[in-house]
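Peer 1: Next come the chains, spelled out residue by residue.
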Amino acid sequence: MFWPNFLISSPHPVADQSAEFSADSGKLSCVRMDQMQPGQCGVIRELDLRQDDADQLKAMGICPGRRVWLVRSGDPMIVKVMRSRVGLAAVLAKQVTVEMCSPHRQPPLNKQDAAPQGEPQP
Amino acid sequence: MTRVALDVLQESAPPLSDGLNVALVGNPNCGKTTLFNRLTGTRAHTANIAGTTIEQRVGRATLTGGAVDLVDLPGMYSLLNTSPDQRIARQTLLGETPGQRKPNAVVLVLDATNIQRNLLLASQVIELGRPTVVALNMCDLAQRSGIEIDTEALSAELGCPVVATSARTGEGVGELCEALTRRLTTDETPETPQALSECARCGGCPIRARFDWAERVDARCCINEPVGDHDRLTAAADRVMTHPLLGVVTFIGIMFLLFASIFWVADYPSRAIEWAFALAGGWVWEILPPGDMRALLVDGVIRGVGGVMVFLPQICLLFFFLSLLEDTGYLARASVVTDRLMRRVGLPGASFVPLLSAHACAIPAIMASRVIANRRDRLVTILVAPLLTCSARLPVYTMLTALLVPSQPFKAAMIFVGAYTLGIAAALLVALVLNRSVLRGSPKPLVIELPCYKPPNLRNAVLTMIDRGRLFLTKAGTVILLVSIGLWVTATYPKSAPPPQAVTMQQQAARLQASGQPKQADLLREQAQALTAANSLSNSIAGRLGHAIEPAIEPLGYDWRIGVGIVSSFAAREVIISTLAIFHGVGTDNSNDARLLESMRTATDENGNLIYSPATSLSLLVFFVLAMQCLPTSVVARRETGSWKWPALQFVYMSALAYSAAWATFQLASYVLASGAGV
Numbered sequence: 011m012f013w014p015n016f017l018i019s020s021p022h023p024v025a026d027q028s029a030e031f032s033a034d035s036g037k038l039s040c041v042r043m044d045q046m047q048p049g050q051c052g053v054i055r056e057l058d059l060r061q062d063d064a065d066q067l068k069a070m071g072i073c074p075g076r077r078v079w080l081v082r083s084g085d086p087m088i089v090k091v092m093r094s095r096v097g098l099a100a101v102l103a104k105q106v107t108v109e110m111c112s113p114h115r116q117p118p119l120n121k122q123d124a125a126p127q128g129e130p131q132p
Numbered sequence: 035m036t037r038v039a040l041d042v043l044q045e046s047a048p049p050l051s052d053g054l055n056v057a058l059v060g061n062p063n064c065g066k067t068t069l070f071n072r073l074t075g076t077r078a079h080t081a082n083i084a085g086t087t088i089e090q091r092v093g094r095a096t097l098t099g100g101a102v103d104l105v106d107l108p109g110m111y112s113l114l115n116t117s118p119d120q121r122i123a124r125q126t127l128l129g130e131t132p133g134q135r136k137p138n139a140v141v142l143v144l145d146a147t148n149i150q151r152n153l154l155l156a157s158q159v160i161e162l163g164r165p166t167v168v169a170l171n172m173c174d175l176a177q178r179s180g181i182e183i184d185t186e187a188l189s190a191e192l193g194c195p196v197v198a199t200s201a202r203t204g205e206g207v208g209e210l211c212e213a214l215t216r217r218l219t220t221d222e223t224p225e226t227p228q229a230l231s232e233c234a235r236c237g238g239c240p241i242r243a244r245f246d247w248a249e250r251v252d253a254r255c256c257i258n259e260p261v262g263d264h265d266r267l268t269a270a271a272d273r274v275m276t277h278p279l280l281g282v283v284t285f286i287g288i289m290f291l292l293f294a295s296i297f298w299v300a301d302y303p304s305r306a307i308e309w310a311f312a313l314a315g316g317w318v319w320e321i322l323p324p325g326d327m328r329a330l331l332v333d334g335v336i337r338g339v340g341g342v343m344v345f346l347p348q349i350c351l352l353f354f355f356l357s358l359l360e361d362t363g364y365l366a367r368a369s370v371v372t373d374r375l376m377r378r379v380g381l382p383g384a385s386f387v388p389l390l391s392a393h394a395c396a397i398p399a400i401m402a403s404r405v406i407a408n409r410r411d412r413l414v415t416i417l418v419a420p421l422l423t424c425s426a427r428l429p430v431y432t433m434l435t436a437l438l439v440p441s442q443p444f445k446a447a448m449i450f451v452g453a454y455t456l457g458i459a460a461a462l463l464v465a466l467v468l469n470r471s472v473l474r475g476s477p478k479p480l481v482i483e484l485p486c487y488k489p490p491n492l493r494n495a496v497l498t499m500i501d502r503g504r505l506f507l508t509k510a511g512t513v514i515l516l517v518s519i520g521l522w523v524t525a526t527y528p529k530s531a532p533p534p535q536a537v538t539m540q541q542q543a544a545r546l547q548a549s550g551q552p553k554q555a556d557l558l559r560e561q562a563q564a565l566t567a568a569n570s571l572s573n574s575i576a577g578r579l580g581h582a583i584e585p586a587i588e589p590l591g592y593d594w595r596i597g598v599g600i601v602s603s604f605a606a607r608e609v610i611i612s613t614l615a616i617f618h619g620v621g622t623d624n625s626n627d628a629r630l631l632e633s634m635r636t637a638t639d640e641n642g643n644l645i646y647s648p649a650t651s652l653s654l655l656v657f658f659v660l661a662m663q664c665l666p667t668s669v670v671a672r673r674e675t676g677s678w679k680w681p682a683l684q685f686v687y688m689s690a691l692a693y694s695a696a697w698a699t700f701q702l703a704s705y706v707l708a709s710g711a712g713v
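So the sequences go chain by chain: Y and G.
Residue numbering for the first sequence is 11 to 132, as defined by the working numbering.
Residue numbering for the second sequence is 35 to 713, as defined by the working numbering.
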């Protein structure tokens, strides 16, 4: 139900990544943005949308190469990209492919942590 | 501190030539409007960009060396050609929009708390090659969350001067004015930095390349970044405000507070305005000789203007509170919460603010629906907006509730809640039907930035209020005035002779006066005047229309007097009250509510039946909730949709809806009440 979830949820809970992350190969897998769990982080790979919708999302930071965190799932869901939060309809999020970050990575706490070395390269 | 800096600079700054024009451009929520308001104060107004419905604010700002014209372009995230708004903004910056002056300089406002995202627009604006000054805004908030930016390094990366400002506190605004003056007085053409021009040239995804550049600039210029989540408070508040269940509860609570305070506060100025116009009307009535001119001035013009002005306090307060809510960041959350519900009936999240405004008046709501970019979404919003209970309906609800349940406040409150709910339910239902019929398609999916929560800006709210109030008076006021004069004409002409009964009464009064009984004479004279007024209204165009539609409205339980009331209420819904007052011998004196109610309660038609039986009153209430009796709204809807087709559809569907719902209510209520009386 709503209550327990709401009371215990931390801003970035460590969610179960087994479906998205194949640990043995160490290779990161791609999911649709609406399949992300709250607290998970991913790097945007592709937007399969009409030009105007895609441009709108890209301009707001939901652009290939940017890292996003899912803050709240649902429709509309809330994602965090760069330093802003964006409310996003699920129909759009379904068309965005995201490459999951390492399951143990948390949002950058300081500058050193934010350096791109941990980021999967295309 | 700023003031001192300004005074010193005033001596050194070179004078500016006349007629200089500066454009303000930046992301939404970057404090651009706050900066604009700080620079221009009350010397600003909203205007459309020539040939478009895109609104921009225009004002005059005093810089160190003189005054310049400042244009506040709408907030945008990028300058891409795929969006018409952004294309026009780009053309405006380049001076290619016809009828719009080419800006001599551009002030680019960047949000210091989110510099990386803001740099996308920055890269596109700087590339245009216009003389640019960067205002690194919201520095106070950035500092508080531990963000520190090297403005000199940023200035080198962007190839233009960068001034750290806080429009909220006024910090750095003097320095910005000085930098802008210097930019305006030097002629050198700005050079686009090499790294930036490279990223424009590269192939592949241009936005991606720009963000990569932004990331590098951010890494080089950001001296310090916050430890931990810099917006912990926002995250915590959002867990409640955007929660599927708690979010809705908070939303309802905030909306309740909003409307309670609007109605509570606005009541005082509204009454004062009513009183002032009644006074003015009485005064003009005294000093002018009797005749058509006097009647036109008092009953047509003064009452018409008064009718417009009465709504002004509510509209101003609504926009005042909406601006406060927008500034705090809550309005964006409300859009997320309502989008979940509204999308199911085919309304976009963006229609939430216009539909909220419709609870004050449909006219500012229809004007506010301009913010909805998608045409289908905008049309659905405009078509359903008048179904929501506007303040002009409230006096009518009050009258009918008092007739239905005299001196029972709880039941009266329930009837009010019922009327509001009926309006909202009808709007959602109609949106759903429109979605399946005339306006097929799904609403534009929601994409909205949820800015950090911050304390609201009173200055912004006051300026928004003044601006919206002015817009309402100039755009809607004139229409309302013309319509009320027109309806005055239909209620006055053709003129008819006083009825024989009234003539006899006047003669009797004269005799009483002569025999030394002035009190009785006055009473009789008053009755004769009331009779004459009722008779002339009954014989006027409006009265004849009322008689003509009687067969049509009889199944709803209305007699011809109510018919005349409905016809006259097309100027503004509350006019039905003064019309009925004429028929029930109370005259046009609005202060006499108790007497009017008393006389309505006992009024009977020619066959001796009660005119305002409970079933009729209930049916009339439902009719007023749903009917489109507001010509000014139709005129504004025509202006905003660009054709008479949509207002016509609106009028037809709302009338049909109101008629059938009122009929069903009357039949059902008559049946229930009759069987109840039988038991």
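Honestly, the hints are just simulated from the structure, not real lab data.
Check before you lean on any hint, since a few could be wrong.
To give an idea of the interface, some chain Y residues facing chain G are shown, with a C-beta separation under 8 Å as derived from the structure [to be verified]:
(1) Val41
(2) Arg42
(3) Asp44
(4) Pro48
(5) Val53
(6) Gln66
(7) Cys73
(8) Pro74
(9) Arg95
(10) Val96
(11) Gly97
(12) Leu102
(13) Lys104
All of these numbers come straight from a predicted model, not from anything done at the bench.
Think of the CB as a built atom: it goes at the ideal place given N, C-alpha and C, for glycine as much as any other residue.
Peer 1: Does Y/Arg42 hold up as a contact with chain G if the rule is Cβ-Cβ below 8 Å?
Peer 2: violated, 15 Å
Peer 1: Using the nearest Cβ pair, does Y/Gln66 come within less than 8 Å of chain G?
Peer 2: It holds, given that the least Cβ distance between Y/Gln66 and chain G is near 6 Å, below 8 Å.
Peer 1: Interface hint check: Y/Val96, Cβ to nearest Cβ on chain G, cutoff 8 Å. Holds or violated?
Peer 2: Holds, because the Cβ-Cβ distance from Y/Val96 to chain G comes to roughly 6 Å (cut-off 8 Å).
Peer 1: Return the status of the interface hint for Y/Val53: holds when the least beta-carbon distance to chain G is below 8 Å, violated otherwise.
Peer 2: For Y/Val53, the interface hint is violated, since the closest Cβ of chain G sits about 12 Å away, which is over 8 Å.
Peer 1: Once the shortest beta carbon distance from Y/Lys104 to chain G is found, is it less than 8 Å?
Peer 2: violated, 10 Å
Peer 1: For the restraint on Y/Cys73, tell me whether the closest CB of chain G is nearer than 8 Å.
Peer 2: holds, 5 Å
Peer 1: Return the status of the interface hint for Y/Leu102: holds when the least beta-carbon distance to chain G is below 8 Å, violated otherwise.
Peer 2: holds, 5 Å
Peer 1: Should the hint that Y/Pro48 touches chain G count as held when the rule is a Cβ pair under 8 Å?
Peer 2: Violated - the Cβ of Y/Pro48 stays beyond 8 Å from chain G, reaching only about 10 Å at its closest.
Peer 1: Is the shortest C-beta separation between Y/Pro74 and chain G less than 8 Å?
Peer 2: holds, 5 Å
Peer 1: Go through the hint on Y/Val41 and say holds or violated, using the shortest Cβ distance to chain G against 8 Å.
Peer 2: Result: violated, 19 Å to nearest chain G Cβ.
Peer 1: Just to be careful: measuring from the Cβ of Y/Gly97 to every Cβ in chain G, is the smallest value less than 8 Å?
Peer 2: holds, 4 Å
Peer 1: If you take the shortest Cβ to Cβ gap from Y/Asp44 to chain G, is it below 8 Å?
Peer 2: violated, 12 Å
Of the numbered hints listed earlier, those contradicted by the structure are 1, 2, 3, 4, 5, 13.
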